[in-house]
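So that you can map any letter, position 284 of the sequence shown is 284 in the working numbering, and since no number is skipped, the others follow by simple counting.
Just so you know, these hints were derived from the structure itself, not from any lab. Among the clues, some could well be false.
Below, in silico cross-link-like pairs of lysine-lysine (DSSO-like), each with a Cα-Cα straight-line distance of 30 angstroms or less [said to hold, decoys possible]:
{"#": "1", "residue 1": "Lys200", "residue 2": "Lys337"}
{"#": "2", "residue 1": "Lys364", "residue 2": "Lys324"}
{"#": "3", "residue 1": "Lys271", "residue 2": "Lys213"}
{"#": "4", "residue 1": "Lys424", "residue 2": "Lys323"}
{"#": "5", "residue 1": "Lys364", "residue 2": "Lys501"}
{"#": "6", "residue 1": "Lys307", "residue 2": "Lys424"}
{"#": "7", "residue 1": "Lys461", "residue 2": "Lys424"}
{"#": "8", "residue 1": "Lys461", "residue 2": "Lys385"}
{"#": "9", "residue 1": "Lys324", "residue 2": "Lys424"}
{"#": "10", "residue 1": "Lys32", "residue 2": "Lys11"}
{"#": "11", "residue 1": "Lys346", "residue 2": "Lys213"}
{"#": "12", "residue 1": "Lys323", "residue 2": "Lys501"}
{"#": "13", "residue 1": "Lys431", "residue 2": "Lys455"}
{"#": "14", "residue 1": "Lys213", "residue 2": "Lys364"}
{"#": "15", "residue 1": "Lys388", "residue 2": "Lys431"}
{"#": "16", "residue 1": "Lys271", "residue 2": "Lys321"}
{"#": "17", "residue 1": "Lys457", "residue 2": "Lys385"}
{"#": "18", "residue 1": "Lys192", "residue 2": "Lys213"}
{"#": "19", "residue 1": "Lys455", "residue 2": "Lys385"}
{"#": "20", "residue 1": "Lys10", "residue 2": "Lys32"}
{"#": "21", "residue 1": "Lys328", "residue 2": "Lys239"}
{"#": "22", "residue 1": "Lys355", "residue 2": "Lys437"}
{"#": "23", "residue 1": "Lys403", "residue 2": "Lys457"}
{"#": "24", "residue 1": "Lys403", "residue 2": "Lys455"}
{"#": "25", "residue 1": "Lys346", "residue 2": "Lys388"}
{"#": "26", "residue 1": "Lys321", "residue 2": "Lys461"}
{"#": "27", "residue 1": "Lys200", "residue 2": "Lys364"}
{"#": "28", "residue 1": "Lys385", "residue 2": "Lys403"}
{"#": "29", "residue 1": "Lys484", "residue 2": "Lys437"}
{"#": "30", "residue 1": "Lys10", "residue 2": "Lys37"}
{"#": "31", "residue 1": "Lys357", "residue 2": "Lys329"}
{"#": "32", "residue 1": "Lys388", "residue 2": "Lys461"}
{"#": "33", "residue 1": "Lys364", "residue 2": "Lys351"}
{"#": "34", "residue 1": "Lys424", "residue 2": "Lys346"}
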Amino acid sequence: MQQTEPAVEKKWFIYLEDHHEGPFSVQEMENKLIEGKVTSQNFVWAEGMADWEPMMQVTALQTLIKPDPIAEPELVLPQKQEENMNELKINSSQNEPKIVFETTPDNPVNTSKTNDNANDQKIISKRFPYRFLKAGLIFSIPVLFVVAYLYGALNPLLKDASFKSTYIEKWLNKIPTLGQFFSPLPHIEDIKTEDLEELKIAARAHPGTDGPKIAIAIAQPNVNTPSFYLAADLPDNTKFEFYIEGIPDTLLGHLSFFQAGNFLLNHKIGKTPAITFSDGILPRGEYWLYVTEANEQPPETSQILSKLDISQISLPSHLPKGKKLIAKKTFFLGGIKDTLYAERLKEFHEKVRIKAKAELDEIKQFTQTLDSQIQATISEFNRLKHIKDQELQQTTWTSFHEKWGHLENQLQETFNKWTPETLKNEMFYNKLYEIIKAVAASALELHQIHNNYFKTKVDIKSFEIQLGATASQLQNTISELRTKTEESEKLFLSSDGLPQKGEV
């Protein structure tokens, strides 16, 4: 990286009466001296200096200060000698001037000693007010700083993230007690006061042997498109992934919600993107927010996060595996949790129960229909494959195949409407409907194998292997459908509110 020239590097601050300005470069400070805006007695400070000092005492700025002309000592004579000197006469002639002293003093005076005493008195008289002024400034600067802080005059500077990271954090590392006066975080407005305090505590807490302290808070005030803050004393560019999932029996008007994303942490704070819903309004209810580490991290972050104890907390089984959970917290989103919400939620659950009961009845009906189709093709195949009259065999099978296919086509028209989006958003027992589609697909495959036996020339050995594998898979799938349907029906009858799906 190209180094900044000392003459143009902006690092000098100048104290002017009741405030300081800067940073300035050396060239800018020289211009201010020339213009008379500052003097060599103004106090200055730069990073690395222990305290403010007069410009004239800073070695790096000595070249800017022009020395004052040295005053020649003034000759001071005693009164008698002065009167004698007045008697000096100059006699002039036509040829050349001649200087004549009428008299000589009896006791000559040592003028050099007198001049030294006078100069000492002048130096003392000049230094005394300067020392007094310096002491006053040293005492007044902290007082003025505290007053400015209390009245908010320093807020614009203290809210600047770059200033915090450059100067304040270094001061806090040297003097930890200053932490009670300075926020470790950049200025945040869209958050509750109590939540902000939790974030500050986490940002101040240095990672220990068990890892960093993490705090999560929701941004205010839009609960329909919320975002979340995470604070921790971790290096810049630390990456996180988040998952937000609605708790089904608390969501109003919907059965599920899930969204994932990622965000960065800088200056000890990170913010997720806004959480949005496809319909525009987030369903009112409770949500789990999970925050996990990302796959790629700065080396310093990886070392710190490796200390996290994950033995007691883990991600839900349906979330991505192999992620270390950083934090989790519940939030009520989408509106206010009031009595109206409770009433509407109860009404919604009643509607869901009615729909769930209708779905269970429909699922059992489809199960019976598919089972009938399966048994029909198996029975007809086993009956006709032993008939030696091939013409009779072909005619009988063709007639059966047309009837079987007609019902199959009707079922497929219904199944085609069960798109993944429809099953997820509109069906309570969406997993059972997915199993029905799997059973129907296996039944169709079995019937096509039967049809190929009568319509094409097949290798008997290969045919029997294919037939056995398909029939076995079909039997397992329809058994799973029956078992999970019975479990869902038992859970439905044992619950009063929103029906439970169990493992479905």
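These are the hints, each one checked on the structure:
1. Lys200 to Lys337: It holds: about 28 angstroms lies between the C-alpha atoms, which stays within 30 angstroms.
2. Lys364 to Lys324: Answer violated: lysine 364 to lysine 324 is near 42 angstroms, above 30 angstroms.
3. Lys271 to Lys213: holds (17 angstroms)
4. Lys424 to Lys323: holds (25 angstroms)
5. Lys364 to Lys501: holds (16 angstroms)
6. Lys307 to Lys424: Violated, at roughly 39 angstroms.
7. Lys461 to Lys424: violated (42 angstroms)
8. Lys461 to Lys385: Status holds; Cα separation ~15 angstroms.
9. Lys324 to Lys424: holds (28 angstroms)
10. Lys32 to Lys11: Cα-Cα ~15 angstroms, so holds.
11. Lys346 to Lys213: violated (39 angstroms)
12. Lys323 to Lys501: Given that 30 angstroms is the threshold and the Cα spacing comes to 27 angstroms, the pair holds.
13. Lys431 to Lys455: Cα-Cα ~36 angstroms, so violated.
14. Lys213 to Lys364: violated (52 angstroms)
15. Lys388 to Lys431: violated (45 angstroms)
16. Lys271 to Lys321: holds (24 angstroms)
17. Lys457 to Lys385: This hinted pair holds, its Cα atoms lying about 13 angstroms apart.
18. Lys192 to Lys213: Given pair lysine 192, lysine 213 holds - Cα atoms ~20 angstroms apart, limit 30 angstroms.
19. Lys455 to Lys385: With a Cα-Cα distance of about 12 angstroms, the restraint between lysine 455 and lysine 385 holds, given a limit of 30 angstroms.
20. Lys10 to Lys32: The hint holds at about 14 angstroms.
21. Lys328 to Lys239: Measuring from Cα to Cα gives roughly 16 angstroms; hence the hint holds.
22. Lys355 to Lys437: With a Cα-Cα distance of about 20 angstroms, the restraint between lysine 355 and lysine 437 holds, given a limit of 30 angstroms.
23. Lys403 to Lys457: holds (23 angstroms)
24. Lys403 to Lys455: holds (16 angstroms)
25. Lys346 to Lys388: violated (66 angstroms)
26. Lys321 to Lys461: violated (43 angstroms)
27. Lys200 to Lys364: violated (57 angstroms)
28. Lys385 to Lys403: This hinted pair holds, its Cα atoms lying about 18 angstroms apart.
29. Lys484 to Lys437: holds (15 angstroms)
30. Lys10 to Lys37: Satisfied, since the Cα-Cα distance of roughly 18 angstroms is no more than 30 angstroms.
31. Lys357 to Lys329: violated (33 angstroms)
32. Lys388 to Lys461: holds (20 angstroms)
33. Lys364 to Lys351: With a Cα-Cα distance of about 20 angstroms, the restraint between lysine 364 and lysine 351 holds, given a limit of 30 angstroms.
34. Lys424 to Lys346: With a Cα-Cα distance of about 22 angstroms, the restraint between lysine 424 and lysine 346 holds, given a limit of 30 angstroms.
In summary, the structure is inconsistent with hints 2, 6, 7, 11, 13, 14, 15, 25, 26, 27, 31 from the numbered list given earlier, while agreeing with the others.
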